[in-house]
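Protein chains: 4
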Amino acid sequence: MDVRQKEASLMNGSAIMQWLAGSLPQKTGRFSLTATRHVRHAITLCHALLSERGEASGANLAREVVEAYVSLNEEEVEAFFDSLIHLFSPDPDIVTRIAETYRAEPSQSNLLALQHAVEPPRQELFRRINMAPNGTAILVEMRRRVLRGLKQHPQWQGIDGDLEHLLRSWFNRGFLRLQRIDWNTSALILEKLTKYEAVHEIQGWRDLRRRLDADRRCYAYFHPALPDEPVIFIEIALARGLSAHVQPLLDPDSPVFDPGRADHAIFYSITNCQEGLRGISFGNFLIKQVAQDLSLEFPKLKRFATLSPAPGFRRWLEAQASDPANGRISELLAELAMPNWHRNQEVADKLREPLTRYCAYYFLHAKSGQEPLDPVARFHLSNGARLERINWLGDTSETGMARSAGFMVNYVYKLAKVEDNHEAYVKEGKIAVSSHVEALAKEKPG
Amino acid sequence: MDVRQKEASLMNGSAIMQWLAGSLPQKTGRFSLTATRHVRHAITLCHALLSERGEASGANLAREVVEAYVSLNEEEVEAFFDSLIHLFSPDPDIVTRIAETYRAEPSQSNLLALQHAVEPPRQELFRRINMAPNGTAILVEMRRRVLRGLKQHPQWQGIDGDLEHLLRSWFNRGFLRLQRIDWNTSALILEKLTKYEAVHEIQGWRDLRRRLDADRRCYAYFHPALPDEPVIFIEIALARGLSAHVQPLLDPDSPVFDPGRADHAIFYSITNCQEGLRGISFGNFLIKQVAQDLSLEFPKLKRFATLSPAPGFRRWLEAQASDPANGRISELLAELAMPNWHRNQEVADKLREPLTRYCAYYFLHAKSGQEPLDPVARFHLSNGARLERINWLGDTSETGMARSAGFMVNYVYKLAKVEDNHEAYVKEGKIAVSSHVEALAKEKPG
Amino acid sequence: MDVRQKEASLMNGSAIMQWLAGSLPQKTGRFSLTATRHVRHAITLCHALLSERGEASGANLAREVVEAYVSLNEEEVEAFFDSLIHLFSPDPDIVTRIAETYRAEPSQSNLLALQHAVEPPRQELFRRINMAPNGTAILVEMRRRVLRGLKQHPQWQGIDGDLEHLLRSWFNRGFLRLQRIDWNTSALILEKLTKYEAVHEIQGWRDLRRRLDADRRCYAYFHPALPDEPVIFIEIALARGLSAHVQPLLDPDSPVFDPGRADHAIFYSITNCQEGLRGISFGNFLIKQVAQDLSLEFPKLKRFATLSPAPGFRRWLEAQASDPANGRISELLAELAMPNWHRNQEVADKLREPLTRYCAYYFLHAKSGQEPLDPVARFHLSNGARLERINWLGDTSETGMARSAGFMVNYVYKLAKVEDNHEAYVKEGKIAVSSHVEALAKEKPG
Amino acid sequence: MDVRQKEASLMNGSAIMQWLAGSLPQKTGRFSLTATRHVRHAITLCHALLSERGEASGANLAREVVEAYVSLNEEEVEAFFDSLIHLFSPDPDIVTRIAETYRAEPSQSNLLALQHAVEPPRQELFRRINMAPNGTAILVEMRRRVLRGLKQHPQWQGIDGDLEHLLRSWFNRGFLRLQRIDWNTSALILEKLTKYEAVHEIQGWRDLRRRLDADRRCYAYFHPALPDEPVIFIEIALARGLSAHVQPLLDPDSPVFDPGRADHAIFYSITNCQEGLRGISFGNFLIKQVAQDLSLEFPKLKRFATLSPAPGFRRWLEAQASDPANGRISELLAELAMPNWHRNQEVADKLREPLTRYCAYYFLHAKSGQEPLDPVARFHLSNGARLERINWLGDTSETGMARSAGFMVNYVYKLAKVEDNHEAYVKEGKIAVSSHVEALAKEKPG
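Chains as they are written, first to last, in my numbering: chain A, 792 to 1237; chain B, 792 to 1237; chain C, 792 to 1237; chain D, 792 to 1237.
No wet-lab data here; the hints were simulated from the structure.
Any given hint could turn out to be false.
Note that the list lumps identical chains together, so a pair holds whenever it fits in one copy or between two copies.
Mimicking SDA-like on lysine to any residue, the simulated pairs with C-alpha atoms at most 25 Å apart in a straight line are [said to hold, decoys possible]:
no., residue 1, residue 2
1, K942, I1071
2, K1221, R1106
3, K986, E1189
4, K1205, K1221
5, K942, A904
6, K1158, M1192
7, K986, D1042
8, K983, P1015
Input sequences plus hints: build the corresponding full structure.
Below, the structure is given as structure tokens:
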């Protein structure tokens, strides 16, 4: 019984109490007796849930653990997480001993024993918490808090590792369901889209309604255990031609286009909703499945492309300016610093060509390791998309001007090419790019 | 990127081909070229699915792997499983090296590294196969085949370990849904109940219909990824008093009882449907959840109890007879060997008392390790139930007479007691038993 | 308030009691006091439901009426129906007076007044009964009983008229839902198909399952108020070529055909399920909607056709034989009277040509009024189908031989032609027929 | 075949064209040729739908009629309605002849014949239009337009009568489904509530959300043929005590009350959504069903009551003032005319007692025929509710002050009493009223 083994490596109840008694108050000095009692209570329930009693009483005890956990305050949660590390990690001596056995004879059964030994009892604890009503949601939320505190509490890395392992397994693409979001969707879910949308903020119900009209599509992945919580969602405009500007797409008063006449599907926003699922990627699958589904619904669609920001461009440009050789850039930055420069036709005309070249150069040559510096570019290129076009004044919103100097980029998803593009990108760091953008990037205009 | 690391420990493509070329034909002698080609094709696809291309093309490649796998014949599947062991296991040298690092410094991050190192690439392969349509069903089926061949192919233990790890995580109680099964259920699912029912075989649609009538209940757990496949199901009779005999319950012509008058819920059959989920237990949860639900629906219910066989009793009795001291048992066995002895009132009267005592003794004193020898007793006692009553001629079917000498047993589930009972059973090997049965078992009648 | 008006024309409560007291016992002589009490109770509730109290208490009183009605025995139901005629019909004097007013001035408002006057209070009673749980089902069942007794109780015609008027309105095609029936359908509904199928009896679950396999389709209309009761259903075989014989279609062991390769959809059975909806036709709509849906699902389908019996043929043939001029027919009938003649190749060969000619003649020239004598022919021809082919030994079942002398007929539904065919049939009595059948029918073979 | 009969009484096609040619252009003078063509086209399709072709082609022709109708402009619709009267009414000569037959012998079969004769062919036309996709919605909409034009076009009364007859039958309570409306409801339906709510206007999504929070309930009736269109809906506040003031209930920032502690359910708004269903009452059923359901969900609820306006009070008061004997009223009205008088405590104190007495008098003695003058009082008293309390300054909104002089009234629904109350109200004009209000109304304060 692997569960029993794991318990063997757990401290027994009185040892736990001792540790809690000894370490909690010292830890923070001002930690109150009440707080200590709360954390002790939660940890005692965790211990019971992992023990024989937990096996028998099943979901009831799991529910109590959840109730105890959600009633902890900020400070108590920190002590709770610390306790999870101290009390529910594997015993290094046992791990080492079994690793020795494996080294001596690396059989499948010794490997299995080692796998069991290295798995922290925390993982089984989390699996049992998952039996509580709403358990999955609680664990996703728990990882969100762990991630937020990770920098300050590097020891929580172990909790993060356990939760990520479980959540990655549970949120396997095979368990997710693609759902269309439209005006028939519940207000509960629509309200969440508004809350989560990070790329182009939704300005109330009227804006949202326009984004769900006949010439738009919105799809989300849902997990069966979180029926009212989108995991990720994507917004699409059905259009004629490759959209270059985002403001017309976002205008709630824009006329509704006949979707039957569309030849392009423009992915203009993709949002991961659950901070607690960070590092578990869904966007790649979502874009491809949606592209497949749309091409069945609208056989006239010729191209699937994004309209994306270049969020790191302006910061990069500023970094370049610090090099005295780049005097030209400093001049450009001075112009960019003027409010509303893009409404001044003369200035805009002057800046257009050099900035566009710098932007192309930025995408193809500015690197973070072997990958492009731009995070959005990393995402789409790694998915196998092709950098197709750089659009001058594609996003003139405050954010768009501040981060991307107004540029919007089209990445094209050609399903027949994504495998090759992805492989070349991962293995050789090769970026799929149109000849036009490649030409633009040939030399820095400086 | 842990995925990248894992690939590093994979052989590269040409090494795979070499291994396949070298080992497949030799393995069986008569292994055909076609068979070799089939296995190679499947393994090559698995390799691709785990590589960069797999990341990009997602579900499509997973579907191809599934198609290749399901078209393999028996012999080819064996070679395929062998290849999974040889080609997708972790590299012992890497594991050992990282175990050393952990030993030197048992930090959370070194622990995480070791966890990654000991996880076979097979696990990630299986996670990706799960993205195929029907992927979960295929993996459950794959484990069924692995389990069936495990005795002959002990090396498959590694595959079993990986699949069990994943399936145990995915079939977490928190993801299962309790569904009532009745005459409104689809014929597709009802047909499966008939196929799976192992305790008291269902004799066609008329029998099934009686079992779903107003005085009966049937519940099953379903997993969202297998919407038409029950994982486990339970059959219940609502009755007045504690049922002692199973034949009246199984009689399709028995009158339908008014369930509002019932004071007992009798669990008379519980069936695990998926061989590929062996070792992952659901019955414990199912019984308790159903008991809770029924007590809400029928507030007059006073007791939840099983009507269960004693499947190991007669074999145990025979084993006892080999001891010359047990002459009395030999006599009893001679009587039992007579066909239809139970219809002879005189014989039955004579056998009743000594056999009942032996049966009580068997439950309380015949052991396998520290646990009772009887497998059904192990299940219910370990769930925290109490052995309540032993019923003479409770099951006079051929099977019932052959295995249990006609005895049926009632185990009572008292929700307020199951935790204590379970803990005493697990920790001290203590069996919860009624005073009546305890008295019966006091001394062997011999 | 038209409801108030209607009540005015109702007798008041004491008059009702008087009538019931006077007429019930006399009616049957042996009518018991208990029976009288039951009918009085039911009628009193009906009266209350139609009165002011009925307006206020709504569904509760309707439920009581239903309970009182369903607990009446056969004899009491008859007295209840008689009472509905005597007590809930319009007052002829009022009708006549309002008809006069209309004659004097045929305005829209006088027309409305007349419409209200001629509507029996029974109709409003039935509308209110419909508010009871299961009310619609009760009314359908009530009409079934009225229809069954109509010959013996011609006065019930008024009840039939009211119920037919309501049910025709409520079961308007616009409210019916087409549902596919397959192995995913509930056992409850599948069991009903088995019970209702009248054309080719379903021999248990195995037979039913074959009829729902991949190369078959079954569709039914359902009404929202009767979610578990099919109104009508149709069975279809997807086939290559125009099926001539029904036995292969009904064979539960026949191999399953790949439906993607089918070029014909063969409607081989259509069943009206609700006797209480007699005279309200759904078959015409069902066939056409199913043909449209199938042609979308299987674009390769070239033709939609029935495989139908000729149920009146043999009786007609026998009637012809009574004419001494038709000596030849008598000879044929003598051969047909021999058991299993169709298994005797020689006899069959001899009969084939003359019987086929008689059958063609029967379809085109044997009339009931202006329409064909054959009831199945009337149905399909009136729907706009074309009589395409007559199949020798198409149905060799006992029933098929007895009624149709073994013939099966194909009627083809060409959607582009059904309007023209129907119009020509209704206006001119013209039968759409293939040239081949027309040629066969040219002259009686006698 | 009654359908055939009806067609006989229709003009034939060329007569129709003649009538249309002769009457349409003359009718309006400026009626364009295009308009004439449109109406002709629509009427021709109606004629075809009612003819043999309509029987055969079913839903397709119905769809064409709907398309033709919805594309008519305002003026064309009028001509279309006129044509429905002229061309699809029964023939008075035939009606009169059959009425004579009935007079001579008032048998059930002659009654049936007369019923058929007086039914306009329009009714069958509407029944067939109902087969079109969305047909029911179109007919509801058509009646809305007929009702709006009825004053100006009294001849449309016949169309109204036909549509009302059909819709009353189709929207029988037995076919309606009660649905809870909450934040899980689709935005599509929620948006419609906002649009339809007539009593207390919904000020955007935030207001709506508060009305659907944990201490509120909202229920609607839906018809299966209009799944996204509420027929009627009701809003309820769960409260402690009998609410006297509506502003706290409508405040989006009001704290959410624990519904488990509520002892009163306050119905504070009920809205009929479909103008085209005018005169077909649902509110009575809805209130009673909701009261039953709530008392099951919240067994602690002691009382079900409304919080309702007195919309005719101020107008009545003004009418009284014209009588010189009522000088006191004129003074009161002068005070009421001052803006925001209710914020002036002194004025309010002075007005309170006399106005409250007038209000009580208004409810008990101001009549329209035998019924109370106040329309809301008529509705609730006719449903069997009791006038319980008159609340001073219950609604201080602009509308509330203007119509009801700020009064709100509680009507109490005691389910055990509604039948008696309703009967006494309908038969004797007796108003169920609390002794307190009765005392207030004893004498006019003037």
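So, against the hints stated earlier in the document, which numbers end up violated here? none
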